[in-house]
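J.: Numbering of the sequence shown is given in numbering that gives the first Met the number 0, commencing with residue 0 and proceeding in unit increments.
Keep in mind that the hints were calculated from the coordinates and are not lab data. Be aware that one or more of the hints could be misleading.
Computed spacing ranges between beta-carbons, pair by pair [to be verified]:
id: 1; residue 1: Gly204; residue 2: Ala38; range: 16 to 24 Å
id: 2; residue 1: Gly234; residue 2: Ser45; range: 15 to 23 Å
id: 3; residue 1: Asp57; residue 2: Gly234; range: 27 to 35 Å
id: 4; residue 1: Glu94; residue 2: Arg147; range: 13 to 21 Å
id: 5; residue 1: Asp171; residue 2: Pro26; range: 34 to 42 Å
id: 6; residue 1: Thr98; residue 2: Asp179; range: 33 to 41 Å
id: 7; residue 1: Gly121; residue 2: Glu2; range: 19 to 27 Å
id: 8; residue 1: Leu31; residue 2: Pro55; range: 16 to 24 Å
id: 9; residue 1: Arg49; residue 2: Ser184; range: 34 to 42 Å
id: 10; residue 1: Ala223; residue 2: Ala30; range: 30 to 38 Å
id: 11; residue 1: Val19; residue 2: Pro178; range: 22 to 30 Å
id: 12; residue 1: Thr98; residue 2: Ala223; range: 39 to 47 Å
Okay, derived cross-link-like pairs now, EDC-like style, lysine to aspartate or glutamate, Cα gap no bigger than 20 Å in a straight line [what the hints assert, rightly or not]:
id: 13; residue 1: Lys238; residue 2: Glu85
id: 14; residue 1: Lys206; residue 2: Glu44
id: 15; residue 1: Lys206; residue 2: Glu219
All values derive from a computational prediction rather than experimental measurement. Every residue, glycine too, gets a C-beta built ideally from N, C-alpha and C.
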Amino acid sequence: MSERTALVRRPSPNLGDGIVTHLERRPVDAALAVSQHEAYVAALESAGWRVRWLPPADDLPDGVFVEDTVVVCDDLAVLGRPRVPERAGEIPSMEGTVTGLGLEVTRIDEGFLDGGDVLQVGNTVYAGRSARTNEDAICQLTRQVATRGRRLVPVALNDCLHLKSAMTALPDGSLIGVPDLVDTSALPYLRVAQEPAGAHVVVLGEKQVLVGASAPRTAEQLAAEGYDVTVVDIGEFEKLEGCVTCLSVLIPGKPGCAERRA
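Kindly generate the complete structure, drawing on both the sequences and the hints.
T.: This is the structure in structure tokens:
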């Protein structure tokens with residue numbers, strides 16, 4: 000079986016200083032965040048993902064949200080380009096990691112792109128037009144993913160941080176989310192999530208999904224539909240507009256000689 004790799008980074012002790020855009024700032028319990036992150040990583044490992052730790056970035060409060068730094072499409076890793084200057088320091092360590100995994104590495108050098116605005120479903124790549132990702136970057140990403148046989152569909156957003164704040168996908172490729180937050184005319188179909196946090200689903204396998212504890216009704220419904228549902232509490236990260244997708248980059252297949260390290 001092909002190896003599946005999950006890229007993660009430990010939370011910074013300064014996590015509470017992370018950027019907040021659409022929420023009121025609330026105190027973050029850094030110790031609890033570490034515990035929640037450990038449980039999240041354990042869930043990935045239990046589902047058969049081999050964890051690769053990015054170098055610590057204690058001086059980068061948002062560094063734990065690794066999804067924003069890269070988009071992986073087959074053997075291609077497209078490095079993001081943060082609009083927020085404070086996050087630029089997260090890119091070099093991700094570049095070194097995906098290079099070490101043997102992926103072909105390219106980058107966004109036109110406009111701005113966060114990986115949280117990119118959702119891949121089969122051969123379709125949805126890219127959110129947001130405050131963090133603009134048209135220039137989407138045009139460049141369109142050309143890059145086309146080299147891997149993917150078609151890109153831009154999606155306008157309404158008052159949310161990233162595309163994956165508004166919608167994700169289930170293992171069968173169906174979309175789930177909050178219709179008020181996205182331009183549904185760009186989508187073939189959008190299943191309405193049971194609660195806002197139910198829009199955040201991580202596909203761990205053909206019938207395996209991971210959701211946050213803040214989406215109990217979604218977890219219950221997916222379990223009733225036959226999915227193997229893992230629930231994790233990431234409440235401290237949700238205070239910073241994080242969700243279950245933000246905390247990892249999942250690379251299916253066998254991307255080379257990934258070695259796990261603490």
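J.: If a hint holds in the structure, say so; if it does not, say that too.
T.: Hints versus structure:
no.	hint	verdict
1	Gly204 - Ala38: 16 to 24 Å	18 Å, holds
2	Gly234 - Ser45: 15 to 23 Å	20 Å, holds
3	Asp57 - Gly234: 27 to 35 Å	22 Å, violated
4	Glu94 - Arg147: 13 to 21 Å	19 Å, holds
5	Asp171 - Pro26: 34 to 42 Å	39 Å, holds
6	Thr98 - Asp179: 33 to 41 Å	40 Å, holds
7	Gly121 - Glu2: 19 to 27 Å	21 Å, holds
8	Leu31 - Pro55: 16 to 24 Å	19 Å, holds
9	Arg49 - Ser184: 34 to 42 Å	39 Å, holds
10	Ala223 - Ala30: 30 to 38 Å	35 Å, holds
11	Val19 - Pro178: 22 to 30 Å	24 Å, holds
12	Thr98 - Ala223: 39 to 47 Å	43 Å, holds
13	Lys238 - Glu85	18 Å, holds
14	Lys206 - Glu44	16 Å, holds
15	Lys206 - Glu219	14 Å, holds
Violation of the numbered hints given earlier is confined to hint 3; every other hint is satisfied by the structure.
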